[in-house]
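Protein sequence lines, in the order shown, are assigned to chains Y and E.
Take any residue in the first sequence, note its place counting from 1, add 6, and you have its number in our numbering.
Take any residue in the second sequence, note its place counting from 1, add 6, and you have its number in our numbering.
The set of hints was computed from the structure by calculation and includes no laboratory data.
Careful, some of the hints might be misleading.
For identical chains, the list gives no copy identity; a pair is met inside one copy or between any two copies.
[Said to hold, decoys possible] Pairs of lysine-lysine residues, derived as DSSO-like cross-links and limited to a Cα-Cα distance of at most 30 Å, are as follows:
{"id": "1", "residue 1": "Lys246", "residue 2": "Lys177"}
{"id": "2", "residue 1": "Lys198", "residue 2": "Lys246"}
{"id": "3", "residue 1": "Lys330", "residue 2": "Lys268"}
{"id": "4", "residue 1": "Lys192", "residue 2": "Lys8"}
{"id": "5", "residue 1": "Lys283", "residue 2": "Lys268"}
{"id": "6", "residue 1": "Lys312", "residue 2": "Lys192"}
{"id": "7", "residue 1": "Lys99", "residue 2": "Lys268"}
{"id": "8", "residue 1": "Lys8", "residue 2": "Lys246"}
{"id": "9", "residue 1": "Lys177", "residue 2": "Lys24"}
{"id": "10", "residue 1": "Lys104", "residue 2": "Lys13"}
{"id": "11", "residue 1": "Lys74", "residue 2": "Lys8"}
{"id": "12", "residue 1": "Lys268", "residue 2": "Lys198"}
{"id": "13", "residue 1": "Lys74", "residue 2": "Lys312"}
{"id": "14", "residue 1": "Lys135", "residue 2": "Lys185"}
{"id": "15", "residue 1": "Lys271", "residue 2": "Lys330"}
{"id": "16", "residue 1": "Lys88", "residue 2": "Lys268"}
{"id": "17", "residue 1": "Lys181", "residue 2": "Lys268"}
{"id": "18", "residue 1": "Lys330", "residue 2": "Lys246"}
{"id": "19", "residue 1": "Lys74", "residue 2": "Lys24"}
{"id": "20", "residue 1": "Lys30", "residue 2": "Lys13"}
{"id": "21", "residue 1": "Lys30", "residue 2": "Lys74"}
{"id": "22", "residue 1": "Lys198", "residue 2": "Lys330"}
{"id": "23", "residue 1": "Lys268", "residue 2": "Lys74"}
{"id": "24", "residue 1": "Lys271", "residue 2": "Lys74"}
{"id": "25", "residue 1": "Lys78", "residue 2": "Lys114"}
{"id": "26", "residue 1": "Lys104", "residue 2": "Lys275"}
{"id": "27", "residue 1": "Lys74", "residue 2": "Lys283"}
{"id": "28", "residue 1": "Lys74", "residue 2": "Lys192"}
There are 2 protein chains.
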Amino acid sequence: MKPTEIKNVITEILESRKEEGGIKALYFVGCGGSNGALYPAKTFMERECANIKSALINSNEFVYSTPKDLGKNVIVCLSCHKGNTPETINAAKLAKEKGAAVIILTWKEESEITPFGDYIINYTFGDNKDIAGEKIICALLVAVELLNQTEGYEHYEEFMDGVGRIDGIVKHACKHVEKRAELFAKEYKDDKIIYTMASGAGYGAAYMQSICIFMEMQWIHSSSIHSGEFFHGPFEITDKEVPFVLQVSEGTNRPLDERALKFLKTYAKRIEVIDAKDLGLSTIDASVVDYFNHSLFTNVYPVYNKALAEERQHPLTTRRYMWKVEY
Amino acid sequence: MKPTEIKNVITEILESRKEEGGIKALYFVGCGGSNGALYPAKTFMERECANIKSALINSNEFVYSTPKDLGKNVIVCLSCHKGNTPETINAAKLAKEKGAAVIILTWKEESEITPFGDYIINYTFGDNKDIAGEKIICALLVAVELLNQTEGYEHYEEFMDGVGRIDGIVKHACKHVEKRAELFAKEYKDDKIIYTMASGAGYGAAYMQSICIFMEMQWIHSSSIHSGEFFHGPFEITDKEVPFVLQVSEGTNRPLDERALKFLKTYAKRIEVIDAKDLGLSTIDASVVDYFNHSLFTNVYPVYNKALAEERQHPLTTRRYMWKVEY
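Okay, chain Y solo, but in the shape it has when bound (with noise of 0.2 Å):
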């Protein structure tokens, strides 16, 4: 779906809700990777909204100990990636049940899930994907337009700019990092723990390349530990063998993954630095560019897990349990 569809999306939400008070709350829900993605909207919503209440909550969770005020004056934005998750699926039908208005970010146009959104946006993926129509980036759309239409967004144009710029940053940043993929690949393919790292709105990458890639696809213990919190406890765990992979940012939250840097530098060994100014992220105006981190994170580290998934001889499509047993 185009940006402008999103924002008439928001638009009409915000029409059919005018006079019940508007909307108060904007509740981003889903599963895993589907989790993940939704973190920069969340963290865009903590910091450039000050009049609508926001959370992030896992599916299940949110079936199980739902926020109170879900009602008309919410808004729910799901994201399911086939349309078939339950859990998912029984948030949206809730959500739907509670007059909230929902809408479903998925990459299949028809599924099990559609009948319980009131909006269905449609996202980009696979092969040759345009980053700027990922779920990443349509969720950060629905944060942008309740703002701007809303309290209004003093840097929505410098976002809008960023949208149309992020896809061939990622892209030639995929080309950048291929020779250090492989390298990346031969080194780690026999670790039995590897770490991620990272802070701000780009954190969610690095929970889905722990959870979704490492522990789902490889087999391999991790954990995203966040770079402020690092100097806190987990730090007390560095050594000369733990690897650690760490995405350092570009805009604000940059001094706090520096400042784990120059720590892993001096007392780990085995490190892997994704610099998102070294990969051509600053060309986004300083004021947004905070919140395009996650998408050129998420979407380098695909060159990385291919390397490795072929150093290791373990598909990333293997599993044991997901979709194999009952759970």
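Based on the hints, put chain E in the right spot on chain Y.
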């Protein structure tokens, strides 16, 4: 500080902001264990409060990527154990400069951070502390009072009854797990990685156990997995060797934890289950019990941790970087 005093703090803040548009946001700010301890209060606001924005933010991220609305319509509630954490001091300083109402939860009566707090809430700590006076409950009371004195909170009486019960429940539970803790220590003393798992308002306790105990104080690799996220990636690392400590909570989130338990019982072999129902949490009213899980779990863990540290001959006070090197 007693509950009635926290009540008065909120009354005074609301009174002072009356002519300036009231309180529109409550930010919880801290690092590491002081961040995790604020998790139940953040969850409380998310679920129970309709009109006040809330978020839990790492101290340094708060300083570098400050929410735009930080100002006189905002309460910032920071947690800082000895009052000397530089990142949290900077966050308090910034909040005060911007005119926010600054509440500082701290163990020490006087410290570097106290000049930057409008209100200092001293919490209990150490052997035989009153559990109802800990930072976890103090932060929750800030949230409960803010909700009750603005929108109203229908379960206020039940919550206060829970505050009256938690100390007895926890002290009984700690005795109850003593033998299990010793067996746990013997079984897991040589493990290189131990996962924790939890969901709901008690998730913060699993986070703290992972980062502050396993990683920081025992140099054991760890990650705190959300029970609802487990089935969307992390569960693929499950096998008969990998150890999990699972918090089965009491309250609305219990089905998520029970589902994880069922899976682990089938596919894992080495699991330690800490069940809030077994440990007596159910005597707290069902309408509020969710928010007391954290206090129970986080205070039962030390019994395990003491036994583990002794068995491993790795004192909980040993550090290689924290307070020892520059970072």
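Each hint tested on the structure:
no.	hint	verdict
1	Lys246 x Lys177	neither (33 Å within a copy, 41 Å between copies)
2	Lys198 x Lys246	both (15 Å within a copy, 16 Å between copies)
3	Lys330 x Lys268	between (43 Å within a copy, 16 Å between copies)
4	Lys192 x Lys8	neither (40 Å within a copy, 58 Å between copies)
5	Lys283 x Lys268	within (16 Å within a copy, 45 Å between copies)
6	Lys312 x Lys192	within (12 Å within a copy, 40 Å between copies)
7	Lys99 x Lys268	between (47 Å within a copy, 26 Å between copies)
8	Lys8 x Lys246	neither (47 Å within a copy, 47 Å between copies)
9	Lys177 x Lys24	neither (42 Å within a copy, 52 Å between copies)
10	Lys104 x Lys13	within (24 Å within a copy, 33 Å between copies)
11	Lys74 x Lys8	between (33 Å within a copy, 28 Å between copies)
12	Lys268 x Lys198	both (24 Å within a copy, 26 Å between copies)
13	Lys74 x Lys312	neither (43 Å within a copy, 39 Å between copies)
14	Lys135 x Lys185	within (22 Å within a copy, 56 Å between copies)
15	Lys271 x Lys330	between (42 Å within a copy, 17 Å between copies)
16	Lys88 x Lys268	between (41 Å within a copy, 26 Å between copies)
17	Lys181 x Lys268	within (27 Å within a copy, 44 Å between copies)
18	Lys330 x Lys246	between (38 Å within a copy, 18 Å between copies)
19	Lys74 x Lys24	both (21 Å within a copy, 25 Å between copies)
20	Lys30 x Lys13	both (18 Å within a copy, 26 Å between copies)
21	Lys30 x Lys74	both (12 Å within a copy, 18 Å between copies)
22	Lys198 x Lys330	both (24 Å within a copy, 29 Å between copies)
23	Lys268 x Lys74	between (44 Å within a copy, 29 Å between copies)
24	Lys271 x Lys74	neither (47 Å within a copy, 33 Å between copies)
25	Lys78 x Lys114	within (26 Å within a copy, 45 Å between copies)
26	Lys104 x Lys275	neither (53 Å within a copy, 41 Å between copies)
27	Lys74 x Lys283	between (42 Å within a copy, 24 Å between copies)
28	Lys74 x Lys192	neither (50 Å within a copy, 44 Å between copies)
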